Amino acid sequence: MITILLVEDEDNIRARFRRLLEETIGGVSVVGEASSGVEALEWLKKSAADAIITDIRMKDMNGLELIRRVRETHPRIPVVIVSGYSDFTFAKDAIRCEVTDYLLKPVDRVELAQVMEKVRRKLEDGRSSRQKPGPFPTESPQAAESEGGEREERQIIRKVKEIIRMRLHQDISLQYLADQVNLNHRYLSVLFKTETGQNLSDFVMQCRMDKAKELLRGTQLKVQDISRLAGYPNAKYFMTVFKQLVGVTPTEYRDCADGEDR
Numbered sequence: 003m004i005t006i007l008l009v010e011d012e013d014n015i016r017a018r019f020r021r022l023l024e025e026t027i028g029g030v031s032v033v034g035e036a037s038s039g040v041e042a043l044e045w046l047k048k049s050a051a052d053a054i055i056t057d058i059r060m061k062d063m064n065g066l067e068l069i070r071r072v073r074e075t076h077p078r079i080p081v082v083i084v085s086g087y088s089d090f091t092f093a094k095d096a097i098r099c100e101v102t103d104y105l106l107k108p109v110d111r112v113e114l115a116q117v118m119e120k121v122r123r124k125l126e127d128g129r130s131s132r133q134k135p136g137p138f139p140t141e142s143p144q145a146a147e148s149e150g151g152e153r154e155e156r157q158i159i160r161k162v163k164e165i166i167r168m169r170l171h172q173d174i175s176l177q178y179l180a181d182q183v184n185l186n187h188r189y190l191s192v193l194f195k196t197e198t199g200q201n202l203s204d205f206v207m208q209c210r211m212d213k214a215k216e217l218l219r220g221t222q223l224k225v226q227d228i229s230r231l232a233g234y235p236n237a238k239y240f241m242t243v244f245k246q247l248v249g250v251t252p253t254e255y256r257d258c259a260d261g262e263d264r
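For what it's worth, my numbering labels the leading residue of the sequence shown as 3, then goes sequentially.
Treat the hints as calculated values from the structure; they're not laboratory data.
Everything numeric in this text was worked out from a predicted model, so none of it was measured.
There's no promise every hint is true.
Claimed, not checked - Pair ranges (Cβ atoms, derived):
(1) 212 with 260: 15 to 23 Å
(2) 59 with 155: 44 to 52 Å
(3) 247 with 40: 46 to 54 Å
Glycine included, C-beta positions come from ideal geometry on N, C-alpha and C.
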């Protein structure tokens, strides 16, 4: 569960945003609300959240100034900017403040779900980096060279898997993945099969189905929205593939999951 501090000066917009995050997107809890940057800073002195979502245009202190102040005490906290203004200057300033993403009002629920997935990954990466193991034991040069090569290959496969999971909503080709890890696409295909025992294309499809199942169980997003997030722009094709692999339609799967919860 990701905890959020929501900063927005209009009460009705803030309430709608909270419902969208908690009821539609799922896996998110708004633990704090503020109507200005000043209120947000006061809240952070006494409480904590995993991430911040803030409007840009607010009284007393705008969102960009809030982020600059927050970075002094919370340098790594993910921040998402939301604004009704598409002025490129705001986007450039937001980038300088190292925001996780920049959304324009009215916020599209699918785009918001993608951004929250990005926040989730950033938080997981932060936890992983704090838990890295210490140095490897001393070993012979020959063994170190051999193990180093194997370790590098495993790291490449882990990176490929991470890229796939983070970009499920996009078109993911073998050539694209090979370019990301600077390998020949045929070599990557063989390496992936050797390391995992699974074809790369089958892994991508498995991840897409797992993502679709997760969203069907944990959110109230429409099937066509879930189709897009899982990487199937054509909802009818997604439903056909889902039934072939899972044995039931997406709607039937969701109904079964709801029944088990009850």
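| request: Sort out which numbered hints this structure fails and list those numbers smallest first. | output: No numbers; nothing is violated.
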